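Peer 1: Listed below, chain by chain, are the residues.
Number of protein chains: 2
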Amino acid sequence: MFEKRANRTEISDLGEFKLIDLITEGIEIQQETTQYGVGDDAAVLQFNGNEQVLVSTDLLVEGVHFHLDYVPLRHLGYKAVMVNLSDIAAMNAQPTQITVSLAISNRFSFEAIQELYEGIKLACKKHKIDLIGGDTTSSTSGLIISITVLGKALPEKIVKRNGARENDLIVTTGDLGSAYAGLLLLERERKVFEKTPEVQPDFSGFEYLLERQLKPEARLDIVSKLHDLNIIPTSMIDISDGLGSEILHICHQSKVGCHIYESKIPIDIVTNQVAEDFRIHPITFALNGGEDYQLLFTINPTDYDKIKDDDSFIVIGHIMDEATGAQLITTADTAIPITAQGWDGFRNNQ
Amino acid sequence: MFEKRANRTEISDLGEFKLIDLITEGIEIQQETTQYGVGDDAAVLQFNGNEQVLVSTDLLVEGVHFHLDYVPLRHLGYKAVMVNLSDIAAMNAQPTQITVSLAISNRFSFEAIQELYEGIKLACKKHKIDLIGGDTTSSTSGLIISITVLGKALPEKIVKRNGARENDLIVTTGDLGSAYAGLLLLERERKVFEKTPEVQPDFSGFEYLLERQLKPEARLDIVSKLHDLNIIPTSMIDISDGLGSEILHICHQSKVGCHIYESKIPIDIVTNQVAEDFRIHPITFALNGGEDYQLLFTINPTDYDKIKDDDSFIVIGHIMDEATGAQLITTADTAIPITAQGWDGFRNNQ
Numbered sequence: 002m003f004e005k006r007a008n009r010t011e012i013s014d015l016g017e018f019k020l021i022d023l024i025t026e027g028i029e030i031q032q033e034t035t036q037y038g039v040g041d042d043a044a045v046l047q048f049n050g051n052e053q054v055l056v057s058t059d060l061l062v063e064g065v066h067f068h069l070d071y072v073p074l075r076h077l078g079y080k081a082v083m084v085n086l087s088d089i090a091a092m093n094a095q096p097t098q099i100t101v102s103l104a105i106s107n108r109f110s111f112e113a114i115q116e117l118y119e120g121i122k123l124a125c126k127k128h129k130i131d132l133i134g135g136d137t138t139s140s141t142s143g144l145i146i147s148i149t150v151l152g153k154a155l156p157e158k159i160v161k162r163n164g165a166r167e168n169d170l171i172v173t174t175g176d177l178g179s180a181y182a183g184l185l186l187l188e189r190e191r192k193v194f195e196k197t198p199e200v201q202p203d204f205s206g207f208e209y210l211l212e213r214q215l216k217p218e219a220r221l222d223i224v225s226k227l228h229d230l231n232i233i234p235t236s237m238i239d240i241s242d243g244l245g246s247e248i249l250h251i252c253h254q255s256k257v258g259c260h261i262y263e264s265k266i267p268i269d270i271v272t273n274q275v276a277e278d279f280r281i282h283p284i285t286f287a288l289n290g291g292e293d294y295q296l297l298f299t300i301n302p303t304d305y306d307k308i309k310d311d312d313s314f315i316v317i318g319h320i321m322d323e324a325t326g327a328q329l330i331t332t333a334d335t336a337i338p339i340t341a342q343g344w345d346g347f348r349n350n351q
Numbered sequence: 002m003f004e005k006r007a008n009r010t011e012i013s014d015l016g017e018f019k020l021i022d023l024i025t026e027g028i029e030i031q032q033e034t035t036q037y038g039v040g041d042d043a044a045v046l047q048f049n050g051n052e053q054v055l056v057s058t059d060l061l062v063e064g065v066h067f068h069l070d071y072v073p074l075r076h077l078g079y080k081a082v083m084v085n086l087s088d089i090a091a092m093n094a095q096p097t098q099i100t101v102s103l104a105i106s107n108r109f110s111f112e113a114i115q116e117l118y119e120g121i122k123l124a125c126k127k128h129k130i131d132l133i134g135g136d137t138t139s140s141t142s143g144l145i146i147s148i149t150v151l152g153k154a155l156p157e158k159i160v161k162r163n164g165a166r167e168n169d170l171i172v173t174t175g176d177l178g179s180a181y182a183g184l185l186l187l188e189r190e191r192k193v194f195e196k197t198p199e200v201q202p203d204f205s206g207f208e209y210l211l212e213r214q215l216k217p218e219a220r221l222d223i224v225s226k227l228h229d230l231n232i233i234p235t236s237m238i239d240i241s242d243g244l245g246s247e248i249l250h251i252c253h254q255s256k257v258g259c260h261i262y263e264s265k266i267p268i269d270i271v272t273n274q275v276a277e278d279f280r281i282h283p284i285t286f287a288l289n290g291g292e293d294y295q296l297l298f299t300i301n302p303t304d305y306d307k308i309k310d311d312d313s314f315i316v317i318g319h320i321m322d323e324a325t326g327a328q329l330i331t332t333a334d335t336a337i338p339i340t341a342q343g344w345d346g347f348r349n350n351q
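In order, the protein sequence lines correspond to chains G and L. Under the working numbering, the residues of the first sequence are numbered 2 to 351, in order. Under the working numbering, the residues of the second sequence are numbered 2 to 351, in order.
None of these hints come from the bench; they were simulated from the model. Be aware that one or more of the hints could be misleading.
Since the list gives no way to pick one copy over another, a pair counts as held whenever it fits inside one copy or between any two copies.
In the DSS-like style, the derived pairs of lysine-lysine whose C-alpha atoms are separated by at most 30 Å in a straight line are [as the list claims (entries may be wrong)]: (1) K196 to K127; (2) K158 to K129; (3) K256 to K19; (4) K216 to K256; (5) K256 to K127; (6) K265 to K126; (7) K265 to K196; (8) K126 to K192; (9) K158 to K192; (10) K256 to K309; (11) K129 to K19; (12) K129 to K192; (13) K256 to K196; (14) K265 to K158; (15) K196 to K307; (16) K309 to K19; (17) K192 to K309; (18) K307 to K192.
All figures in this text were calculated on a predicted structure; none of them were measured in a lab.
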């Protein structure tokens, strides 16, 4: 971090074909649904007729979604894939393939792109995802990453945002706000580094927060657990923009309200400490911070017994009627309306 | 063209949700394979178990792939979709769904993005394609469009680049080089406009070339015709980078050589005239110009009788053994090796 590499091969010296050959080197098909991957006008997949196919896509822009002065390219590649896998997990489904398109300015060497792909390939390997295609081109400024993910599931297993019903329990799968705490720490150190480059940042004690920011994990383990426990959530979403924004999506699309209990929202102890340092209420990190990539779902109360002994599942509230609206019940037992103040790419860039 | 619109709504005033609501307004599902489109973490598709699924993706960057000073946004949207549909046509398959991701700088108003989407929707409507998802975010500079297309075909109908065999006939589906001629004309007028903005360009007589550049059509009609004629090409590709580059892909992947006859390559009469004006040999337009989006395919000679009376099919050469290499046989009956000099995003940007 905070340094430049010495080796440099210009991408223009390789040409597009050679570049694609090099970055797709060593890719082996892992999924039985993949018939034919990289190398023609289109990839070819064969799904079982009983399975439905899921598709989601994300576009990441340098200077808007990531800053390369404190995000190593390998982590960026890993995270870009995980963010997409998380969208498929959020439908209670299994991701199977991705396409990766890059626009690269001539600031980037081949070695830099190779590092990015190492992260992409590592994320794919972890979840047996096939990289089946993409497009690699130049940009006039910066790096742009566009990933599309495909997945599969039996139709009766797919969970949308619109199925939450009154009295359902609201569940999340891990502590919230840590990725945002990690981001604040990285940004603070970047400012220090800009003024005094000789001072190397000391992040000891904060490793967990940095990992949550730089190397998030899609909760596909939760999808497996739900399957094993024979639970199909009534609604589900992944927490990319903050708990506040996501629960509003579920309430809005399910036409319901909710009570979320401040005292139940899981927040890591170091995240609490960072929030205090920055003089921000830790609940704000959880509600508005974003990039947690935990799952947020609702279950029928009759399923509660199946999850109550498992630490992965944290019940943080329950669904109310629509007239109640979405409310945070504070530790002082007052009800505050939840509003969405998550990431907004358009405002970030003003 | 060459003008600015008066109405302007800032995208940041709308916010992402409202923007997505507005641009996805009026989208109706056309394909029986689409179960659920825009509005959740992922779209859901259901393919017939006999069909295979095709996936392709393209990334278009302002200043590299298009210049908005002479490409109207509506045309850009239309073309961005067609380019992707063409990739599915090039596999002898039927496109069914697209996702569209945009990164937009704050230079663009909502009205501008609406125009872009009008073109996207028009292209979708023409071929009954469902727009099932995407991602809309800000960019630090310029416009970036990432489209992923899905399609379907029976496995035995899918045509790759690697099936050409010695003696197969090489066929294309319309005149080549016109899109490039259109591009040169637009660029010339842009330079005139920069110096003397009061002079409006006069493109009369060149409408066909401009249309080929600004509003290309994916040759899905050819896919239907091949089906009706009961022809399955032995190899196929679409001509996006110029005939030279594409025939080399087929030869390389099929491990064969070829003879292409200069006299047989279809070139429009006005394209010939523009080439003369620019003092470039018209065959260079066809070989290296690119963006024609005609199909290039090979058929077994026994299929010749089925196509010989149809003007849509133009036989331009035949497949040779690998040792011969890929050669252009000129009108003077000399053999010149074909080299790839098509579009190269990386060099364009140096």
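Peer 1: Measure nothing new, just compare the shortest in-copy and cross-copy C-alpha distances for K256 and K196 to 30 Å and report within, between, both or neither.
Peer 2: neither (51 Å within a copy, 58 Å between copies)
Peer 1: Within, between, both or neither: how does the pair K196, K127 come out at a Cα-Cα threshold of 30 Å?
Peer 2: neither (39 Å within a copy, 57 Å between copies)
Peer 1: How would you classify K256 and K127 at a CA-CA limit of 30 Å: within, between, both, or neither?
Peer 2: neither (37 Å within a copy, 35 Å between copies)
Peer 1: Pop the pair K192 and K309 into one bin, within, between, both or neither, using alpha-carbon distances up to 30 Å.
Peer 2: neither (44 Å within a copy, 70 Å between copies)
Peer 1: For K129 vs K19, is the C-alpha pair at or below 30 Å within one copy, between two copies, both, or neither?
Peer 2: Intra 25 Å, inter 36 Å, cutoff 30 Å: intra-copy only.
Peer 1: Is it within a copy, between copies, both, or neither that the alpha carbon of K265 lies no farther than 30 Å from that of K126?
Peer 2: neither (35 Å within a copy, 49 Å between copies)
Peer 1: Quick one: K158 to K129, C-alpha cut-off 30 Å, is that within a copy, between copies, both, or neither?
Peer 2: Result: close both inside a copy and across copies, 21 Å intra and 29 Å inter.
Peer 1: Can you give me the call for K129 and K192, within, between, both or neither, at a CA distance of at most 30 Å?
Peer 2: So K129 and K192 fail the 30 Å test inside a copy (38 Å) and across (51 Å) alike.
Peer 1: Between K309 and K19, at a C-alpha cutoff of 30 Å, which is it: within one copy, between copies, both, or neither?
Peer 2: neither (54 Å within a copy, 39 Å between copies)
Peer 1: First find the shortest C-alpha distance between K256 and K19 inside one copy, then the shortest across copies, and answer within, between, both or neither for a cut-off of 30 Å.
Peer 2: Cα proximity of K256 and K19: across copies only (18 Å, versus 52 Å in one copy).
Peer 1: Up to 30 Å between alpha-carbons, please classify K216 paired with K256: within, between, both or neither.
Peer 2: neither (34 Å within a copy, 43 Å between copies)
Peer 1: At most 30 Å between CA atoms: does that hold for K158 and K192 within a copy, between copies, both, or neither?
Peer 2: neither (47 Å within a copy, 58 Å between copies)
Comparing the model with each earlier hint shows violations of hints 1, 4, 5, 6, 7, 8, 9, 12, 13, 15, 16, 17 and 18; every other hint is respected.
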